[in-house]
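Asks: Just need the whole structure built from these sequences, with the hints factored in.
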Amino acid sequence: MNDFKVNINQNIIAIPKANRINILDKPRAHGNSSFETILEGQIKQQERIKFSKHAQERLIARNVELTEEDIANIDKAVEKAARKGIKDTLILLGNTALIANVRSKTIITAATEDTLKDNIFTNIDGAIII
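Residue 212 in the numbering used here sits at position 114 of the sequence shown, with consecutive numbering throughout.
Watch out, some of these pointers could steer you wrong.
[As the list claims (entries may be wrong)] Okay, derived cross-link-like pairs now, BS3-like style, lysine-lysine, Cα gap no bigger than 25 Å in a straight line:
1) Lys182 / Lys215
2) Lys182 / Lys148
3) Lys203 / Lys174
4) Lys151 / Lys203
5) Lys185 / Lys174
6) Lys203 / Lys182
7) Lys148 / Lys203
8) Lys203 / Lys185
9) Lys151 / Lys215
10) Lys178 / Lys148
Calculated from the structure, these hints are not laboratory results.
Replies: Structure representation (C-alpha cells):
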C-alpha cells in the first residue's frame with residue numbers, strides 16, 4: 099500500500115493511491131472539470147453581487163424575496179455604476195431600495211416602500227432605477 103501522507107496541524111491523513119489526483123492529467127469526459135473551468139467558475143462567483151449580513155437581515159425582516167433575475171439585474175446595475183465611477187449607489191428595484199458598495203460588489207442594506215417614507219439616503223454618489 100503506497101499511501102501518500104499529509105501532515106495537517108500534526109494530524110496525519112493517509113490518502114489512498116486510488117484517491118490521488120494527478121494535476122497534470124487532462125480532464126476526463128465523465129464529469130471532471132479542467133482547472134481552467136474551475137477557475138473560471140470561481141472568478142464568476144467572485145464577480146457576483148454579495149449581500150452583507152445586515153442587508154440579508156433587512157431583506158428577511160421585510161419579507162423581500164429576490165429572484166435570480168432580480169439578482170442578475172442588481173449585478174448589471176452595479177457593473178454600470180462601476181463604469182460610471184460610482185463608489186456607493188442607491189438601486190431602486192420595484193418597491194425595494196438597496197444600497198451597494200460598488201468596489202466590493204456588496205449590498206450593504208435594503209429598505210422597502212413601507213420603510214422608505216421620510217428616509218434620507220446619505221453617503222451615495224449615484225442612483226440606478228431598475
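Asks: For every hint, state whether the structure bears it out.
Replies: Structure-based check of all given hints:
This hinted pair does not check out: Lys182 and Lys215 have alpha carbons roughly 28 Å apart, beyond 25 Å. Taking the CA atoms of Lys182 and Lys148, the gap is about 20 Å. The hint holds against a cut of 25 Å. Under the criterion of a C-alpha separation no larger than 25 Å, the hint pairing Lys203 with Lys174 is consistent with the structure, at around 11 Å. A distance of roughly 14 Å separates the Cα atoms of Lys151 and Lys203; the hinted pair therefore holds under the 25 Å criterion.
About 15 Å separates the Cα atoms of Lys185 and Lys174, which keeps this hinted pair within 25 Å; it holds. Using a Cα cut-off of 25 Å, the hinted pair Lys203 and Lys182 holds, with the two alpha carbons roughly 14 Å apart. In summary, the hint linking Lys148 to Lys203 is supported, as the alpha carbons are separated by about 6 Å, within the 25 Å threshold. At roughly 10 Å between alpha-carbon atoms, Lys203 and Lys185 fall within 25 Å of each other, so this suggested pair holds.
Note on Lys151 and Lys215: the hinted pairing holds, with a Cα-Cα distance of about 24 Å set against a maximum of 25 Å. Of the pairs offered as hints, the one joining Lys178 and Lys148 holds, with about 16 Å between alpha carbons and a cut-off of 25 Å not exceeded.
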